[in-house]
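2 protein chains.
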Amino acid sequence: MGSERSRTIDTYLGIDWGGTYIKSGLIDARGRILKQETFSSRQLKKKDVFIDKVISLIKAYRTCTIKAIGIGAPGIVDTKKGFIYYLPNIPGWINYPLKNVLEKKSNLPVFVDNDANVFALAEARLGTAKGARRAIFLTLGTGLGGAVIWNGKILEGNVSASEIGHVPLALAGTRCSCGGRGCIETFVGAQHLVSRYQTLKKNTSSYEVKDIFRNALNGEKEALTVWQEFSQALGTFLGGLVNIFNPEVIVLGGGVAGAFRLFKPLVLAALKKQAMWPNLKGLSLVRAKLKNPGIIGAGLLAKEALN
Amino acid sequence: MGSERSRTIDTYLGIDWGGTYIKSGLIDARGRILKQETFSSRQLKKKDVFIDKVISLIKAYRTCTIKAIGIGAPGIVDTKKGFIYYLPNIPGWINYPLKNVLEKKSNLPVFVDNDANVFALAEARLGTAKGARRAIFLTLGTGLGGAVIWNGKILEGNVSASEIGHVPLALAGTRCSCGGRGCIETFVGAQHLVSRYQTLKKNTSSYEVKDIFRNALNGEKEALTVWQEFSQALGTFLGGLVNIFNPEVIVLGGGVAGAFRLFKPLVLAALKKQAMWPNLKGLSLVRAKLKNPGIIGAGLLAKEALN
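Line by line, the protein sequences are chains A and B.
Just add 10 to wherever you are in the first sequence, counting from 1, and you've got the working numbering.
Just add 10 to wherever you are in the second sequence, counting from 1, and you've got the working numbering.
Any given hint could be a false lead.
Since the list gives no way to pick one copy over another, a pair counts as held whenever it fits inside one copy or between any two copies.
In the EDC-like style, the derived pairs of lysine to aspartate or glutamate whose C-alpha atoms are separated by at most 20 Å in a straight line are [to be verified]:
id: 1; residue 1: 291; residue 2: 88
id: 2; residue 1: 211; residue 2: 239
id: 3; residue 1: 114; residue 2: 62
id: 4; residue 1: 69; residue 2: 314
id: 5; residue 1: 90; residue 2: 258
id: 6; residue 1: 231; residue 2: 221
id: 7; residue 1: 274; residue 2: 221
id: 8; residue 1: 114; residue 2: 218
id: 9; residue 1: 274; residue 2: 230
id: 10; residue 1: 231; residue 2: 218
id: 11; residue 1: 57; residue 2: 113
None of these hints come from the bench; they were simulated from the model.
Excised from the complex, chain A in its bound form (with noise of 0.2 Å):
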């Protein structure tokens, strides 16, 4: 898929915007990657960087038709007018017009949402949550990106809502980079995954999630006690939404969905405890399968607010 065909076709360049990385990519309108770069985040976290870099990229593609541009920020956002709340892991970006700047700067339409609802967005549309028409999905990494899909469409108000990681399942729990307290990150985010292991373990070693995922194949206790409440919380946490959305499916992404294998005949035991019956009725649970969802809902949900 070179420069030739992209000349010749409508394109949306899609912004995945992550705290370690930035990727960018130019995808057609059936959401297939023509060209992709990828970008450290540091170098990019001052504000008229980032917009020198967006603009610089539309320069290089300009012998493609670029009808939009789209982007996933990670944090809370006006979505109707790409406005920037904030981004809790990149300071400075706070009260921030993006989409009135970018388009001023590159004459294109604009649009802006939150990480977690792009994913989403391309999970709903050519992953594992294709043609479904509620859908749950959750990022698991040390932060845990939620999302909500419904009739087709992502769930969100004025605000880039559709934050089911930060729904508490305790009454003054630990405190969660939200600001809120006992949200659903703090049982099964990264950190916590590790801080557990580490108590059960009686040390303070650096380990990774996949290490206590390597450790409970190999039978070891400690691991296995980690994902068994891992599970526990997660399955009784998707039941409740499941009260609330009768999903056909929940989607599981993030470093941590890599014990998938491990961790879903548990979590389903803890989830059908808590739903109600009928609720269950069809309901799948699946790891994400997409390769760079973020770039590719970001220039699906440009296309989309296009059309």
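Following the hints, position chain B against chain A.
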């Protein structure tokens, strides 16, 4: 509003099916109640007796132009098929095709939904959430009915979902009426409030929620503690839902909402601590205001499904 008027206009039969009373009413297209009757739920608990009563109502109203029948049922329903999965407090109604049976006997279109969803519809069209695109509803009683209006419509799937009263706020919590554990109902339901008050008062008198309310207004320490704990749980829980739905309004109804003016500031304080601040803009917390929202909502359910 007498029979003269109801002869010449289109009307809808709304049935508000509660655990204690069944209320039926004839409403006009604007949701005004033209005729109304109340029955004991116990006397109509058998399926054939219930169906016969509805048919006899239609005959009694035969001089009116009834276009359709709407029913708010106290349980889990397939809303597309009008099929009752089960009613927790009314044994015997399991896997029953209510819509099919009643349509054959009445020759009228029949629509069935959950009672809390129907309550929400009435409040969203004519009550305190009038005009809201996104609203959250809780009926605070012995059980906790929940509903969500999103983009102006009841949020549901194939099943009468929207069951926010059955989302857990604790892991391995108290057993809930729904079969799950630790649902918000087990923290703020009337039964919990009374039992907590008995524990604090160190006696087993048969208190009612209104006693705890009155005693709190008189400054009694134990009663105030009950409402403080109630508010902490309800506010924290609602904060999580606000992160999902970015609602414009939260509507509280049911008997326990009699203490609304006492607990409102405490609930709001806890909610604001939990929710992400951009979601709080323009949010209001109000008490339900309609008389007979169950009848009106059931009638509107039929009217809107028909149009």
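Cross-check of the supplied hints:
Taking identical chains as interchangeable, the C-alpha atoms of residue 291 and residue 88 lie at most 20 Å apart only when they sit on different chains, with a minimum of 11 Å there against 35 Å within one chain. For the homomeric pair residue 211 and residue 239, the shortest alpha-carbon distance inside one copy (15 Å) is at most 20 Å, but the shortest distance between copies (36 Å) is not. For a Cα distance limit of 20 Å, the shortest separation of residue 114 from residue 62 inside one copy, 12 Å, qualifies, whereas the shortest one across copies, 68 Å, does not. For a Cα distance limit of 20 Å, the shortest separation of residue 69 from residue 314 qualifies neither inside one copy, at 23 Å, nor across copies, at 51 Å.
Proximity of residue 90 and residue 258 under a CA criterion of 20 Å is satisfied inter-copy only: 15 Å between copies versus 28 Å inside one chain copy. Taking the shortest alpha-carbon separations for residue 231 and residue 221, only the intra-copy value of 13 Å comes in at or below 20 Å, while the best inter-copy value is 51 Å. Within a single copy, residue 274 and residue 221 get their C-alpha atoms as close as 18 Å, which meets the 20 Å cut-off; across copies the closest is 47 Å, which misses it. Taking the closest pair of Cα atoms, residue 114 and residue 218 never come within 20 Å of each other, the shortest separation being 44 Å inside a single copy and 63 Å across copies.
When the C-alpha separation of residue 274 and residue 230 is checked against a cutoff of 20 Å, the pair qualifies only within one copy, where the shortest distance is 18 Å, while the shortest distance between copies is 49 Å. In this homomeric assembly, residue 231 and residue 218 come within 20 Å of each other (Cα to Cα) only inside a single copy, at 17 Å, whereas the closest approach across copies is 49 Å. Taking the closest pair of Cα atoms, residue 57 and residue 113 come within 20 Å of each other only inside a single copy of the chain (14 Å); across copies the shortest separation is 62 Å, beyond that limit.
Checked against the numbered hints listed earlier, the structure breaks hints 4 and 8; every other hint is satisfied.
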